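**Q** Line by line, the protein sequences are chains A and B.
Going by numbering that gives the first Met the number 0, the first residue of the first sequence is number 0, and it counts up by one from there.
Going by numbering that gives the first Met the number 0, the first residue of the second sequence is number 0, and it counts up by one from there.
Since the hints were made in silico from the structure, they are not lab data.
All values derive from a computational prediction rather than experimental measurement.
Where is the CB? At the ideal position from N, CA and C, for every residue including glycine.
One thing to keep in mind: the hints can contain errors.
Claimed, not checked - Far from chain B, by Cβ distances over 10 Å, these chain A residues were calculated: (1) E175; (2) Q176; (3) E306.
Unchecked claim - One-sided excerpt, in silico: chain B residues whose CB lies under 10 Å from chain A: (4) E49; (5) D58; (6) N59; (7) Q62; (8) E64; (9) I72; (10) I76; (11) K83; (12) W107; (13) W112; (14) E116; (15) L135; (16) L136.
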Amino acid sequence: MAEMWISMGPQHPMTHGLWTLKVKVDGETIVDADPELGYLHRSVEKMGERRKYFMNTTLTDRLCYASSTTWTHCYALSVEELMGVEVPQRAQYIRTIMLELQRLASHLMWAGAYMPDLGHITGALYFWRDRELFLNLLELPSGSRLLYNYIRIGGVKRDLPDGFEEKTERILKLFEQRLDEYADLFENSKIFRMRTEDVGNFTASQAMNLGITGPNLRGCGTKFDLRKQDSYEIYDEIDWEIQTREAGPGYGDCFSRYMVRIDEMKESVKIIRECFKKMPAGPTMASKVPIRASGDAFRRTEDSRGEALMYLVGDGSDRPYRWKIKSPMFTTISACPHYLKGYKVADIPSIMGSIDICIGETDK
Amino acid sequence: MEITKFMKKLSSHKGVSDVALIRDNVVKLDLGKEDSKDFFISLKEDYGFEHCSLISAIDNQPQFELVYHFSVIEGSIFIKDSPKTVMIEIHIFLERDTPTIESVSDLWFGANWHEREAYDLMGIYFLGHPDLRRVLLPEGFAGHPLRKDYVYEIHEEEW
C-alpha cells in the first residue's frame, strides 16, 4: 500500500492543546511522524525582558494552567539564586505543600484527560471531581482557582489561613479512599490494560538521549527525580521514595507511565502530611529582597511533567537581560517520531495522551 | 569518578578554560568554538553525560553566547556522601558576523529542538543539523526576534 501523510490537529481530540501531529502511515502502521508547534507562542521570554523581576511571576503562572505553581516556583528559585536571597524556613515548608498539592491537581488533570482518549468518559468525571478538591485547597491561601501567583521571590504571598491543615487532612483522607476506587476501575480493568500495555514502549537509555524526563522516564525504571537528585526547598529533610516501575514485561509502556503517576500521588500525600508535622513558626517572606541583579544563574526543579530549568542573565538593572525557559514537554514532543514508529494509528491517542502534554509551557 | 577529579581532567582538554564549581553539583567552564565538537564527544562517551538539558543563546552585543547545560542521570560522576547528580554549564562565544557552530543533535537527540529554537529566535546556525527549520515562529517569518537589535517595524512588511 502507498504511504501517505495524515495531519492530526491543530484541532483534534488527541492534541490537548494547539499543535499538529503529521503522521506518515503505511496502511494502519505509523512509519514516520512530524510534530509542529507554535500555535500558542506568546513570546514569554521576550516579554520577560521588558518587565521587572517580580512582575514576571504573573507570566510564569500562565506557562501551564494545569501546573502553574511549579513554574512560578522554578522562576522564583532561579531569581533567588541570582540575587542570593535566603528564604525563611516556614516559607519553604509552605512552598513544598503548595507544590505537592499542585502536583496532585496536575496528575489528576492528566488522568482525567487521558481517559476520554481511551474512550472512557466516566474516568474523566471521576478524576476531575477529585481535582476540584485540590483546586479548592489551593484557592484558600492564594485566592484563585488556576493562576495563583502565590509563590513570590523571597517567600510566599501570605501565611496559610486558619484551619488549612484540618481541611487538607480531611481531603487527603477522602482522596486515599478514592485511590482504591481507581485501582478497581482502571488498573484491574481488562479493557484499560489492553489499550495501554505494551503500547508506546521506550527504554531508559533511549529516553535519556531523547531528552525525556519526569514520570515518563521513571516509567522506564530510572530512579531520577530532581527533588532528590538536585534537592530544593526541604525535600531532603522529608522521608519519601522515588516512584519507578520495576523492569519486566511491558515496562516503559503507557500503563507503567499511568502507574508511576498514581504512585506519585500517594507519595505526595505522604509528603504533605509530613510537612504539616514538621512546619515551624516564623516569617513567610525574606526580610530584604533586592530588585536589581547581575551575573547569571539557573535552577532546575521537578515539574509535574519533568525537568524544568530556568536560566537567567542579569545586567545590573531591575529587568532580566535574558531569560531562558526549558520545558520538559518541548523535548518530549520532539522525540515522538521515535516512540510512535511501528504502532497503529489507533494507538496514537493512547501514546500521546500518556506522556502528559501541555502546550502552554512548550510554546512559551 | 569524584567531582574534583572530574574537574581536574576537564582542564586538560583542548579549548577549555576557567573551570569552576558554581554550586556543589554544577561545574562551569568556557570553551573555544573550534574545539567544541571534540569536547562534546568526550563529554558523552568518556564522562557519561546522558542528557542535554538546555541550549540557550544570548545576544551579548556585539558577540553571541551559547550556554549548554548537560546532566548526568545514572553516569559515573558522583559527589561524596550526596545523592545529588552532576551538571555542567558550558559557555561558548560566537562572533556576530559568523554565528555558526557544529550541531550536537547527532550525539543527544534532545538537543535537536533546542538548536532549532536557538536558530529560530536568535539566528544561530548549527552546522550538520538534520532539520534546521523554524520551530515556534511560522515559516517565512523575517528576522530573529530575540536579538537585541531586532526592530519589528523593519520586518513588518516583509512578513
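**Q** Can you name, in rising order, the numbers of the hints this structure does not satisfy?
**A** 3, 7, 10
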